[in-house]
Amino acid sequence: MNIIKVKTRRFGEIEVAKDKIINVKGGILGFPDATEFTFIEKDRKDPFKWFQSIQFNDLAFILLDPFFFFPDYKVDIPDDVAEDLQLETIEQVIALVIVVVPKNLLDITANLLAPVLLNPYKKLARQVILMNSQYSTKHYIVPRDEDNKQTSKGK
Amino acid sequence: MLVLTRKNNESIIIGENIEVSIVDITPTTVKLGINAPPSIPVHRKEIFELIHDENIIASKSEIVDLTKLSGEIIKLKEKKKILEIVE
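Quick note, the sequences are listed as chains A and B, same order.
Read in the numbering used here, the first sequence has 602 at position 113, and its numbers run on one by one without any break.
Read in the numbering used here, the second sequence has 493 at position 61, and its numbers run on one by one without any break.
Simulated from the structure, these hints should not be mistaken for lab results.
Glycine included, C-beta positions come from ideal geometry on N, C-alpha and C.
Please note that the accuracy of each hint is not assured.
Far from chain B by the CB rule (all over 10 Å, computed), these chain A residues [stated by the list, open to error]:
id : residue
1  : ILE493
2  : GLU502
3  : PRO560
4  : LYS611
5  : GLN616
With a cut-off of at most 30 Å between alpha-carbon atoms, the simulated DSSO-like pairs for lysine-lysine come out as follows [what the hints assert, rightly or not]:
id : chain 1 : residue 1 : chain 2 : residue 2
6  : B       : LYS509    : A       : LYS563
7  : B       : LYS507    : A       : LYS538
8  : B       : LYS477    : A       : LYS627
9  : A       : LYS612    : B       : LYS492
10 : A       : LYS538    : B       : LYS463
Extracted from the complex, chain A is given alone in its bound form:
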């Protein structure tokens, strides 16, 4: 069995099968050395998943399936990303977005401008900055009264 033990600050020691390790090309922006991650999920149906670094026990992100709350979200996959992720067809790609969860849950935001694109078959991922996009790094998941319109315009 190819299982490694990984110490994590949030989840204690976890066991990760080697074929569940995702290689993030170039790392997550700001963390260039964090290139290996694994998903931690309790329930597969949850739109949120933890993305735990294998190399840095303190480093983990909460990723969200963007279509769960932003059904009109659109991502253009640049050619070099398709190549990097060894995509055979565009349908293979899974887009996930990084969320910020503040103390007040009403203020939870998703970064639609820089999704993490994943090829689950090859276990390859990359954080991509969408070019010429109207999305921002902070989209409220729970719409706010004042910028309700703005959020829907951003799609």
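Got chain A sorted already, so can you dock chain B onto it with the hints?
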């Protein structure tokens, strides 16, 4: 920092395969053309920094139970919807 003077339509080469050319100059802006291999991402610095900073903030998230989190958020969204209908 290396500083070079270039005129309109002139360019510089970085390494062997990155070319940055001056496409247009106005009194307040310079238009750059960049030829680089697809593996070299090119971004406006302020966007790069924005995402860099957002990732740092995101890495500090502490909530562990994500099933509970999505439940809470769906509830909050429902509540908002009901309020809108009532209004």
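Requested in this report: Please name the hints from earlier in the document that this structure breaks, with their numbers sorted from lowest to highest.
Outcome: 5 and 10
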